[in-house]
Amino acid sequence: MSIQESVARAQNTLKEQPWRLFASQISVLVRNEVRRNLFTRRRIWVYLLALIPVIIILIHYFVDKNTSPSQLEEDTLVLAGIVQLYYLRLGIFFACMGIFTWLFRGEMVERTLHYQFLVPVRKEVLVVGKFLAGAVISVALFETAVLACFCLTYSRLGSTGRSYIFDGPGLSQLGSYLLVTALACVGYGAMFLALSLLFKNPVIPGAMLMGWEAVAPIFPAWAQRLSVTFYLKHLCPVKLPVEGPMAIFTIVAEPVSPFIAISGLLCLTIAILVISCFLIHRLEVTYTAE
Amino acid sequence: MTPDGRQIVFDNVSKFYGEVLGVNKVNFSLDPGITSLVGPNGSGKTTLMNLLTGLIKPSHGTIYVLGLTPQEPIEFFRQVGYCTQFDSFPPGTNGYDFIYWPLRLHGFGHDQAAKLTNEALERAGMASVARRKVAGYSKGMRQRIRLAQAIAHHPSVLVLDEPLNGLDPMARAESIALFEAIAKQGMHVIISSHILEEVDRISDRVVLMSSGYVVAEGQIKEVRREVRDHPMQILVRCSNAAKLASAAFELDHVVEAKILSDGQSVLVRTRDAEQFYLLLNKIVSGGLVEVDAVAPADDDVNSIYQYLIGSDGAPT
Numbered sequence: 001m002s003i004q005e006s007v008a009r010a011q012n013t014l015k016e017q018p019w020r021l022f023a024s025q026i027s028v029l030v031r032n033e034v035r036r037n038l039f040t041r042r043r044i045w046v047y048l049l050a051l052i053p054v055i056i057i058l059i060h061y062f063v064d065k066n067t068s069p070s071q072l073e074e075d076t077l078v079l080a081g082i083v084q085l086y087y088l089r090l091g092i093f094f095a096c097m098g099i100f101t102w103l104f105r106g107e108m109v110e111r112t113l114h115y116q117f118l119v120p121v122r123k124e125v126l127v128v129g130k131f132l133a134g135a136v137i138s139v140a141l142f143e144t145a146v147l148a149c150f151c152l153t154y155s156r157l158g159s160t161g162r163s164y165i166f167d168g169p170g171l172s173q174l175g176s177y178l179l180v181t182a183l184a185c186v187g188y189g190a191m192f193l194a195l196s197l198l199f200k201n202p203v204i205p206g207a208m209l210m211g212w213e214a215v216a217p218i219f220p221a222w223a224q225r226l227s228v229t230f231y232l233k234h235l236c237p238v239k240l241p242v243e244g245p246m247a248i249f250t251i252v253a254e255p256v257s258p259f260i261a262i263s264g265l266l267c268l269t270i271a272i273l274v275i276s277c278f279l280i281h282r283l284e285v286t287y288t289a290e
Numbered sequence: 001m002t003p004d005g006r007q008i009v010f011d012n013v014s015k016f017y018g019e020v021l022g023v024n025k026v027n028f029s030l031d032p033g034i035t036s037l038v039g040p041n042g043s044g045k046t047t048l049m050n051l052l053t054g055l056i057k058p059s060h061g062t063i064y065v066l067g068l069t070p071q072e073p074i075e076f077f078r079q080v081g082y083c084t085q086f087d088s089f090p091p092g093t094n095g096y097d098f099i100y101w102p103l104r105l106h107g108f109g110h111d112q113a114a115k116l117t118n119e120a121l122e123r124a125g126m127a128s129v130a131r132r133k134v135a136g137y138s139k140g141m142r143q144r145i146r147l148a149q150a151i152a153h154h155p156s157v158l159v160l161d162e163p164l165n166g167l168d169p170m171a172r173a174e175s176i177a178l179f180e181a182i183a184k185q186g187m188h189v190i191i192s193s194h195i196l197e198e199v200d201r202i203s204d205r206v207v208l209m210s211s212g213y214v215v216a217e218g219q220i221k222e223v224r225r226e227v228r229d230h231p232m233q234i235l236v237r238c239s240n241a242a243k244l245a246s247a248a249f250e251l252d253h254v255v256e257a258k259i260l261s262d263g264q265s266v267l268v269r270t271r272d273a274e275q276f277y278l279l280l281n282k283i284v285s286g287g288l289v290e291v292d293a294v295a296p297a298d299d300d301v302n303s304i305y306q307y308l309i310g311s312d313g314a315p316t
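Which chain is which? The protein sequence lines are A and B, in order.
So the first sequence is numbered by the numbering used here: it starts at 1 and just counts up by one.
So the second sequence is numbered by the numbering used here: it starts at 1 and just counts up by one.
Think of the hints as simulated: they come from the structure by calculation, not from any bench.
Some hints here could point you the wrong way.
[Claimed, not checked] Per the computed footprint, the stretches of chain A lying under chain B, defined by three or more beta-carbons under 8 Å from a beta-carbon of chain B, are:
1. 26–36
2. 103–112
3. 150–163
4. 210–223
[Said to hold, decoys possible] The calculated lysine-lysine pairs, modelled on DSSO-like cross-linking and capped at a C-alpha distance of 30 Å, are:
5. B:Lys57 x A:Lys200
6. B:Lys57 x A:Lys123
7. B:Lys221 x B:Lys282
The beta-carbon is built from N, C-alpha and C at its ideal position, and this holds for glycine as well.
Bound-form chain A, shown alone (with noise of 0.2 Å):
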């Protein structure tokens, strides 16, 4: 069979199996994102972000030795602080902002966006394909990062430690941690790339999504519900004893289910998403104007 023959059948086969093309391109999209961005020295910022507390506990593992039993409750507390005030508000934050944002707007910055729009795949495939690309960067790393912090924090306290993740509320904890973690980053992910989409420089922006992201839970509730953190409070295993302006972070307002709050921030994502895909077609590749 000549190359022109095997190419037509080849095209005459997706044609009429577009969901198999979409798949298959999508599963291309992510691998190729994955590899230019997840090990690269651009991303150094990311990992010293998802690393800066696992440091702090790994020095805490080797320079504090009090492991009584009543240092478990503090390191527990000091755990949730981490992930609900740093990794939640601070950390997936900014390094959702760093890797969504680069998807569209980097490769405009790198002059390289027209390979993506010159090759058969439908604009929204391209918009699923990065985002779930920058999902798996942004999980992998955070959920390596919060993994690591639970087990040194747990590990440093000996058997008291162990029995609290095995015999204790420890593996619930961190399967909520966990999920709370992957929640983040698609919800902070789909926002990122929605914004990327609409400005060329998304800093404002995201600065003004963080000032929103703190300031709701001042709002009534069906305002909150736009936002990421509403619903991944509600999940968080370990309520923190913050008081004063801080407390802000933590106040959940309208109580809602795991089930609502897990299935309404991916309502939420996809939301977004769709929001993109009308967004994306507006956009032109006119390197000049970057």
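Fit chain B to the supplied structure of chain A, relying on the hints for placement.
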């Protein structure tokens, strides 16, 4: 204009970047073969190519490529390959991956994509350096690897923005041979170039552009006819250039008769070539001068371009 399954159609297409004109009121249709877009920098050639491939959207009008539009990307980009002028590549990529991964996005499996990649690399003469990082390529190699990517999926329409830039004479000749071979298979090849001599040789038709407007389009001879109000240049080699020049000056339709530096050639610019040839016959039969050779000096794109644009088309 209605879309034709074999033609590329620009139907009243305009593109404005804010208040800046990209191209304005472009209307033409192209049949298969090699079409050259000719014009100085800023004349709108790249804008026209970007519009054709959907990288930018027209402010007005519609473009059909073989009856398709870029809004149907799956069908459209199976038929179209575009070698852009953007000299940028995904960071860290090598020549092989640069062609292989887009083929995977076409939906080809690993084996088929690898086969097509190797074939494209061979056709572009890049097989031996395919595993090297593109960042280490010379300008000519980067140009050829982009060409290889554009032809890898066997498109029916190949759009090439300044494809001969940066190529050495050998690579240039090979690329031109490749374009001609592709065009002979009944495909569209659209080339923009400043190198008018090469465009002239390989083109079936030309589209002349200036300041965002198409000023002439068609086969080179048709374009020449479009501008017949402009004087035609005829080069005559003869035994007595001065005598021929003075005889030519007596004719109303002769605008200029210039004796060239060799002293034996006269370049005549006339509005009526047939009348001039009659005069020449009389002079020859009268034995005033002996004529060695007569040839139209401007039946090429460059001279037509000079007439139309008032420039020699050299890169600016």
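**OP:** Please write out, lowest number first, the hints stated earlier that are contradicted by the structure.
**Re:** 3, 4
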